[in-house]
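Protein chains in written order, with this note's numbering: chain A, 55 to 326; chain B, 2 to 463; chain C, 69 to 499.
Calculated directly from the structure, the hints in this document are not laboratory data.
Because the structure is a prediction, the values reported are computed rather than measured.
Every residue gets a Cβ at the ideal spot worked out from N, C-alpha and C, and that includes glycine.
Please note: incorrect hints may appear among the correct ones.
[Said to hold, decoys possible] Some chain A residues close to chain C (C-beta under 8 Å, calculated; not the full set):
#	residue
1	Gly138
2	Asn191
3	His194
[To be verified] Simulated DEER-style distance windows between Cβ atoms:
#	chain 1	residue 1	chain 2	residue 2	range
4	B	Val83	C	Gln146	56 to 62 Å
5	B	Leu168	C	Pro202	52 to 58 Å
6	B	Leu400	C	Lys494	52 to 58 Å
7	C	Ser118	B	Val70	52 to 58 Å
8	A	Pro112	C	Arg78	38 to 44 Å
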Amino acid sequence: MINEENDFRKLDLTVGDVFSKDARLKARNVNVFYGNNKAIDNVTIDIGNKEVISFIGPSGCGKSTFLRCFNRMNDTIDTCRVEGKITLEDENIYDRKIDVVPLRARIGMVFQKPNPFPKSIYDNVAYGPRIHGLCENKDHLDGIVEQSLKRAGLWEEVNDRLLSAGTGLSGGQQQRLCIARAIAVSPEVILMDEPCSALDPIATAKIEELIHELGNEYSIVIVTHSMQQAARVSKRTAYFHLGKLIEVGKTKNIFTRPKHSQTEAYISGKIG
Amino acid sequence: MFNFYLLLLILLISFIFFYFGFRQAHILKTLQNQKLHSLFHYYGLYVLLSSLLPSLGLYFVLTICDDVVFAYMIKIYIPLDVLNSKDYNFNIVLAQIKNSVDGLIFGAPPQWVSDTAEIWKTWVFKSNIVTFILCFITSIISGYFGFLKINSKFRSRNAVERIIMTLLAISSVIAILTTIAIIFSVIFESIRFFVLIPFDEFLFGTVWNPQFEGAERAGSGQEGLSQYGAVPLFAGTFLISFIALSVSIPIGLFSAIYLSEYATSKERAIFKPLLEILAGIPTVVYGFFAALTVAPFLRSSGSFFGLDVASESALAAGLVMGIMIIPFISSLSDDVINAVPQSLRDAGYGLGSTKNETVLKIVLPAALPGVVASIILAVSRAVGETMIVVMAAGLAANLTANPLEAVTTVTSQIVTILVGDQEFESAKTLSAFALALTLIIITLGMNFYALHIVKKYKEQYE
Amino acid sequence: MNNKLINPTRASEIVRNSIAKRRAKDNRLKLYGRIAIGFAVCFLIFLFSSIFIKGYPGFFQYYVTLDINFDRERIDPQGDLSDNSLFNGEASKIVNEALFTIIDPKGRKAKKQAKKMVSSGKDVRLTNLVKSNPNLFGTISSVKFALDDDIDSFLRGYIKRETPESERRISDQIIKFVDKLDKEGRISYEFSDYILNGSASGNPEMAGIKGAFFGSILTLSVCLLIAFPLGVATAVYLEEVAKKNKITELIEVNINNLAAVPSVVFGIMGLAIFISIFGMPRSIPLVGGMVLALMTLPTIIISSRAAIRAVPPSVRDAAYGIGASKLQVIFHHVIPLAMPGMLTGTIIGMAQALGETAPLLMIGMVAFIVDVPNSVMDPGTVLPVQIFMWADFAERMFIQKTSAAIIILLGFLISMNAFAIYLRKKLERRW
Chain A
55 MINEENDFRK LDLTVGDVFS KDARLKARNV NVFYGNNKAI DNVTIDIGNK EVISFIGPSG
115 CGKSTFLRCF NRMNDTIDTC RVEGKITLED ENIYDRKIDV VPLRARIGMV FQKPNPFPKS
175 IYDNVAYGPR IHGLCENKDH LDGIVEQSLK RAGLWEEVND RLLSAGTGLS GGQQQRLCIA
235 RAIAVSPEVI LMDEPCSALD PIATAKIEEL IHELGNEYSI VIVTHSMQQA ARVSKRTAYF
295 HLGKLIEVGK TKNIFTRPKH SQTEAYISGK IG
Chain B
2 MFNFYLLLLI LLISFIFFYF GFRQAHILKT LQNQKLHSLF HYYGLYVLLS SLLPSLGLYF
62 VLTICDDVVF AYMIKIYIPL DVLNSKDYNF NIVLAQIKNS VDGLIFGAPP QWVSDTAEIW
122 KTWVFKSNIV TFILCFITSI ISGYFGFLKI NSKFRSRNAV ERIIMTLLAI SSVIAILTTI
182 AIIFSVIFES IRFFVLIPFD EFLFGTVWNP QFEGAERAGS GQEGLSQYGA VPLFAGTFLI
242 SFIALSVSIP IGLFSAIYLS EYATSKERAI FKPLLEILAG IPTVVYGFFA ALTVAPFLRS
302 SGSFFGLDVA SESALAAGLV MGIMIIPFIS SLSDDVINAV PQSLRDAGYG LGSTKNETVL
362 KIVLPAALPG VVASIILAVS RAVGETMIVV MAAGLAANLT ANPLEAVTTV TSQIVTILVG
422 DQEFESAKTL SAFALALTLI IITLGMNFYA LHIVKKYKEQ YE
Chain C
69 MNNKLINPTR ASEIVRNSIA KRRAKDNRLK LYGRIAIGFA VCFLIFLFSS IFIKGYPGFF
129 QYYVTLDINF DRERIDPQGD LSDNSLFNGE ASKIVNEALF TIIDPKGRKA KKQAKKMVSS
189 GKDVRLTNLV KSNPNLFGTI SSVKFALDDD IDSFLRGYIK RETPESERRI SDQIIKFVDK
249 LDKEGRISYE FSDYILNGSA SGNPEMAGIK GAFFGSILTL SVCLLIAFPL GVATAVYLEE
309 VAKKNKITEL IEVNINNLAA VPSVVFGIMG LAIFISIFGM PRSIPLVGGM VLALMTLPTI
369 IISSRAAIRA VPPSVRDAAY GIGASKLQVI FHHVIPLAMP GMLTGTIIGM AQALGETAPL
429 LMIGMVAFIV DVPNSVMDPG TVLPVQIFMW ADFAERMFIQ KTSAAIIILL GFLISMNAFA
489 IYLRKKLERR W
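Chain A on its own, in the form it takes in the complex (with noise of 0.2 Å):
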C-alpha cells in the first residue's frame, strides 16, 4: 500500500482520500483523449467495495468520461484513446487479454436518458441472464427477474403486466426497469451515468432510495450534476474539474470542510 502510494502519488492536484482499504476498482494515471484532446489528465482514484461514491463537477469536467472508463463504453468511440491503468481485483482491465464482455458483465451500467430495450418488461430484464447464459430453466429465470424487479423497487409495480412494452412505463419507472435489467447479470460494480436527469423530482427521489439499498450490495459510482443528490445517496464524493480529479473525500467533508479551493469555489457556487 505504502509502496503503491509512491508509486503513483505524483499528484500535484488531487487532495484528500484518493486510496480505499477495501478498494474493488482501482485507476491509476489514467488519461484519457479524443483525438487530440486530453479528456481526462492524470486521474488516479479507489472505488471500494460495497461503497456508494459520486462523481460531481461542472459540465465538461469529464466526469461522464471517466466514468466510462470503468467497464470501457469508451472503446465504442472510434477517436478515444485510453492511457493509463484501471484494475478489477488486481487485473488491468484495458489489458490485451481482457475480454469487455465479461467485464461489462461485471460491471453494470445505466444511462443518463432511461433506454429500455424495445420489448417486454420481462424480455428487458431477461435478456442479460440469457444472453450469457446465467440461467438453468425457465424458472429459474422468472426467478431472476422477479428478484431483479424486486431489489429495482419495480416489481409492485408491474408485476401484473410484465409482457407489456418496457417503453410504455413512466421516465422513473423505465430508469428503474434499467436498473432491474443491471442488476440481473448479478454485476460487483453498477455504473450510473446521471441516473435521474432526465426525471421528475418524485421519480428521482425514489431512485435514489433506490440507490441508498442497493449501496449494500454492489459498489455504486453516481455521475451526477446536482450536490444535493451526491450528498443525499453517496458515502464519499470526488469532485472534478477541467478533466483532472481535484479533491476526493467522505461526502461530509467535501460539502462541509473541502480542502482545495476549487472544491470549495464550486460547493459554495461560484463555479457551476
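Use these hints to put chains B and C onto chain A, whose structure you have.
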C-alpha cells in the same frame, strides 16, 4: 422553327414591357415625386409577367389542341368507301395521314391519303398564323393592362409575389398530374383490352401467346388463335424476382450489418460508395453483361455438370438483377439500422453483449420494420426492372419453376409488344397496357405498404 | 431474502466460460459481412474489368493502306466538288482498283470477294478526303481504309484459320488476300476513327456513337430544363410556402410513389399522352427529355427538399427580422444556401436519366437513325438505347463496339457522380 421564333417574340415583348414598367415607376418617383410602395424592378416585373404568362399559356393550349381538333375535323375528308370498309380503323387512318404530313411515306399511299394530308398541311399553316397572331395580341394587350395598373398606390411587390407563389404551387401539382397521366394512359386501353379478353382469362389463363392477326379482332368470331393468359408472365416475374432477392437479401443485409456495426469509419468510407456504384450502373449494361457473360458462363458450367441450361435463362437474369438490387437493400437497411438510437446499443454493450448479440437481438429487432420495408421496395424494384430481363431472360412464356429455363416477364412483354410497329386496337397492343396496369398496381401497392411501415417505424423513434 | 440471483463470482465464472463460444459467433457474423461485401466488390471489379477488356479493343480496328490515284476526272466528274458530282464519281471503283493492284485477284468470283474486303464506307471516306483537301487531286497518296468486320474478327483471332471453310464467315481465298496484304505491311491496327465519329450503321466496322451521343445531350438538356426548375419550385413550395394540409400531403404521397414507379411505365405514359394525345412525333429527343424529366423529378424534389430543410431557421429569422418578404427570404437566402444540395440531387438525377433505356424504347427512340440529330425535334437515339440495339446484332465486332460504348457511357456516369460528390464536399456547409 416557327415555335422557336414565336416564343422568342413573346419573350422579347415581355422584356420591352419590363422596361416600360420600370421607367414608369421611375417617372412616378423622380418626376412626380410620389411615394412608391415597392422598388422599381417590381413594377417592371409585374408588367413583364402580366404580358408573358397569358400569352405563353395561350401558346401551349393552342399548340397542344390543334392536333386534337384536326383529328376530329379530318374525319369528314375520309372517303366513304374507306369509312364503310370492314377493317376501317380511325387510328390507323390518322397515323397514315400524319405520316404523310411528316413526309414519312411508306410505299405508295392511296391518293385520298395524300389529299387529306395536303388539307391537314394547310390547316397547320393556318393554325400557325392564328396562333401567332393570337399570342402576339394577347401579350401586347395583357402587358398593356398590367402597365395601366401602375400607380403610386399599386403594391407591385405583393402582386409579383402572389404570381410567383401561384407558379410554385402549380409546379408542385405536376407530381399529381403525372400520377393521373400514368393511370389514365393505361386505364382506358386496359378497359378496351378487357372488353376483348375476359378479365379472368387474363388473370388466370396459363398460356400467353399473343399474335397480330386480322382475324383476331373482336367480333370476327375467330378468337382462340392467340391467348392472353398472364400467369406465365407473373410466374416468370416472380421466379426472376425470387432469384434476385435470394442473392440480394443476404448480401445486402450482411453488408448493411457489417457496415453499420463492425466496419471502421475508414472501411465505411470506402465500401459504402463502392456498393452504391452498383446502383448507378445503367440497367442496359447489366443486361448486356447478363446476356453476354453470365448466361454463357452458366450454360457452359451447367453442361459441365450435365445440366441443360437455356442460353437465356431465368437464373442469369435473376443473378445479375440480384446484384443490381444489393445497394437498395444495403443502403436502405443501413439507414434504418443507423436510425436505431445509440442508447439502445449502449444499453446492450453495457450489459456485456457481444456485437453479434447487440445486432441480432437488439438492433435488428428494433429496425425490423424498416428492413422489411427496404426489402419490399427491393421487390418492387425487381418486379419493375425491364432491361435486364429484356436482354437476358428471353421471350418464351414458359410456365416453369426451373431457373435454368427461359422465362419471360411482365415488363419484357410490354417492351416487346410496344417497341416497333404496332397494330392499333389489336388485342396484342392493348394487352401491353393491361400488363402495365397490373405492374403499376403491384409496384404502387408495395410502395404504399413499405412507406407506411417506414413512417410508423420512424414515428417510434421521434 | 430468497435470493435467486446468482452471486457475482459465480456469474462472472459462467460468463467467462461461455465467452469463447460467443466470440466465435461474433466473428462468424463479422465474417459473413465481409464475405457479402467482398462478393459485391468482386462482382463490381469483375463487371468493370470484363467490360473494359471486351471494350478496349472496340476503340481500335484494322485498317488497310492503299495507294489511291486521285484522278479528278473520275472522282469528281463535274469538277465542282458538289455532293452530286462526287456521288456520280467512281470513288468506290478507284479504291477497288488500288486493292486489286496489290492482291491481284484472278477471275470474277475472286474479284467479287475482294471488293468486299474493304468496308463499304470506302467511297464516302474517299470523297470526304477530297472535299476537305482538294490538293490531293492529281496525286497518288496512300490512304487508310477500314477492313470489313469479318476480316477484322479474323485478324483478332475470333475467326480461326483452322476452322473448315464451310463453317467460317470468310473464305480461304480472302484469307490468302489478307495474308498478302499483311506481308506487304499494309494492314495496321489503329485507333478507330469510326467509334467516336461514326453513327448508327449496320456495318459494325463503321458503327459509332456520335449520333447517339448528341441524341443523349439533346435529351438530357430537355430533361434538365424541365426537371430542374420544376423540381426546385416544387421543393420550395412544399418546404417554405405550403401549409400542411390534405393537398400537400397528397402531393407528397404522389412524389414518393412516382419515385417507385418502374421506368418503363413512364415510357408508356409518354407514348399514350405525349405521342398519342398531344400528337408529338415519335423518336424525338423532346419527348424523350420530357419523359425522363417526369421520371427524375422525384429525385430532384426529394434531394432539394432535404437541402432546403438543412438551411437553419435562424437564417430565415434573421431575414424576416429585417423586414424581408417571404419571397425575398426564399430567393435571397434559402435557395442560394440550398443550391449545392439541389445541384447534387439534380446531377444524380441526370445521371439516372442518362443511363435510362426502357422508357425511351417505348417512345420510339430505338429507331435506326443514321443522321446526327440537330435539334430536339429531329429523330434520334441515345447512348443506352444504342447499346441495347448493338447488343442485339449478331456480328462479333458489335460486341467490342457495344462494350466500347458502355465504357464511354460509364465514363460519363462516373464523372457526373464524382462531380456531384465533389460539389457536395466542396460546397456543403455544416451548420
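Checking each numbered hint in turn, tell me which of them this model violates, lowest number first.
Per hint list: 1, 2, 4 violated.
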